[in-house]
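Residues per chain are reported as follows:
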Amino acid sequence: MHIVDGALAPEVLIGGGVLAVAGLGLGLRKLPIDKIPATGVLSATFFVASLIHVPVGPSSVHLIMSGLAGLVLGWTAFPALFVGLLLQAIFFGFGGLTVLGVNTVNIALPAVIAGFLFRGLVSNTNPKVAAIWGGCAGALSIALTTLFVAISLTLSGQAFVPAAKLVFFAHIPIMVVEGLVSAAAVFLISKVKPALLNANGQAGEYVSQNSAMVTTRQANEANNG
Amino acid sequence: MSHLFGHDQPLSVKDNGFNPRSFVGSFDPRVRVVAAGLFAVMVVALQQIEFALIAFAIALGTMFLTDLPLRLTLKRMAAMDGFIIVMLVMLPFTTPGTPMFSMFGADASKEGLLHAVLIGIRANAVVLMMLSLLSGLTPVTLGHTLYRLRCPAALVHLMMFTVRYISVLHDEYHRLRMAMKLRGFKARNTIHTYRSFGYLFGMLLVRSLERAERVLEAMKLRGFSGHFPMIDHLVFRRRDAALGAGFVVLIVLLVLMDRVYVFTY
Chain Y
227 MHIVDGALAP EVLIGGGVLA VAGLGLGLRK LPIDKIPATG VLSATFFVAS
277 LIHVPVGPSS VHLIMSGLAG LVLGWTAFPA LFVGLLLQAI FFGFGGLTVL
327 GVNTVNIALP AVIAGFLFRG LVSNTNPKVA AIWGGCAGAL SIALTTLFVA
377 ISLTLSGQAF VPAAKLVFFA HIPIMVVEGL VSAAAVFLIS KVKPALLNAN
427 GQAGEYVSQN SAMVTTRQAN EANNG
Chain E
44 MSHLFGHDQP LSVKDNGFNP RSFVGSFDPR VRVVAAGLFA VMVVALQQIE
94 FALIAFAIAL GTMFLTDLPL RLTLKRMAAM DGFIIVMLVM LPFTTPGTPM
144 FSMFGADASK EGLLHAVLIG IRANAVVLMM LSLLSGLTPV TLGHTLYRLR
194 CPAALVHLMM FTVRYISVLH DEYHRLRMAM KLRGFKARNT IHTYRSFGYL
244 FGMLLVRSLE RAERVLEAMK LRGFSGHFPM IDHLVFRRRD AALGAGFVVL
294 IVLLVLMDRV YVFTY
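Quick note, the sequences are listed as chains Y and E, same order. Under this note's numbering, residues 227 to 451 are what the first sequence spells out, in order. Under this note's numbering, residues 44 to 308 are what the second sequence spells out, in order.
Hint data in this document are derived by calculation from the structure and do not stem from the laboratory. Every clue listed holds true.
Not the full set, but computed from the structure, chain E residues with beta-carbon under 7 Å of chain Y:
id	residue
1	M130
2	R165
3	V170
4	L174
5	S178
6	P195
7	L201
8	A230
9	Y237
10	G245
11	L248
12	G269
Subject to a maximum C-alpha distance of 30 Å in a straight line, what follows is the list of computed DSSO-like cross-link-like pairs (lysine-lysine):
id	chain 1	residue 1	chain 2	residue 2
13	Y	K354	E	K229
14	Y	K419	Y	K256
15	E	K263	Y	K419
16	Y	K354	Y	K417
17	Y	K419	Y	K354
18	E	K229	E	K118
19	Y	K256	E	K263
20	E	K118	Y	K391
21	Y	K419	E	K224
22	E	K229	Y	K419
23	Y	K354	E	K224
24	Y	K256	Y	K417
25	Y	K417	E	K229
26	E	K224	Y	K417
27	Y	K391	E	K153
28	E	K118	E	K153
Where is the CB? At the ideal position from N, CA and C, for every residue including glycine.
I would like the entire structure built from these sequences, with the hints used as guidance.
In structure tokens form, the structure reads like this:
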């Protein structure tokens, strides 16, 4: 869902840019330097998600998985998804430069919202319950993204209104698919590595905790041996 | 797709991200980044199709000064999201104005058609200029350039890590996908397909996090203190200044002409 350069009104572009910078600032503040490797690896994972194509009807769509990004990363989803959009724009020509702010807000803000709404629910110990809420998060983030895209178009001119409506309704199957795929992903994660979805910890925190544990364990072993 | 970030293109700073033979590649990446940004902002402000076409011609000319593969670059430029194309096709029918022709009982207005064409030209001009100026850089050079242009260090480091692991994780994805294929998995419109893709992505996430743990530990072992030394050889020479100045004059002239035209007519 990349809007191209030249379609939106200047006010919308500037508004999107300001919001994106604010979101990036907040996200980077929650990103201490030793969490950057983990966040970078996760950001790369979500980039790879956009290369995975899933059949929908006679056609296929690529995954976005922004709901899951919000669940796993919280506010840091903002810089993580921004980096992905920047790389796609510069190296693949998807989207554009002046719309980068708008596109970032349209994709990352729903991710953050879905993450905050569902993070507590997804950390449920029952994988099936967690999967249902994870699916809701996935579907909601896509729904919000299409809504935001529709709003950006509507604010840019009345002539875009029918197209904006069409965009929203055409994306309903994609919301369903994203919801199903996110639900399955959350089901697997909550069985294999529930700490990734922990309510009180972002993935990065989890990594540093875990590495601290490993360090102490190794220190103890050294004493014993 | 990820071959762009892959092993066949060295992710080292030694070659400085450009092929010395290409004309565009011989300029300082910083000038190229700023020029691409300026071009985008200015082109988006153009109101007249004629001037948008000139901007597109400038972008096309720049492309011929690079050594990018011609067909691939043009294909990338023309690729747009389906919904943008639908939107552009719908514009003539939804904009009020002088009716031109009618189709399926709806009148297409001249204003709407011109607006759609204008958007199309502007979008393609910006993307083409961006691809010409920037896609020849390696992601590492881009990171260094953004750092030198005073982007937040955390963001630049995040980008460099992302770039580093995209190809690794894409390979991992292919391994998992291959395992599914070997077990007879075929993507269809079924719940089973969506569940399998969900498990695939969930597994990718779990594995990448485990990889992140190992990476962080390995980095700490090597004395990672939270700062990367940025070693590069970016030099701002006289010809870079000349290019920058020429570019600014050209773009400002284009926008001024566009404005004058709008006011006069």
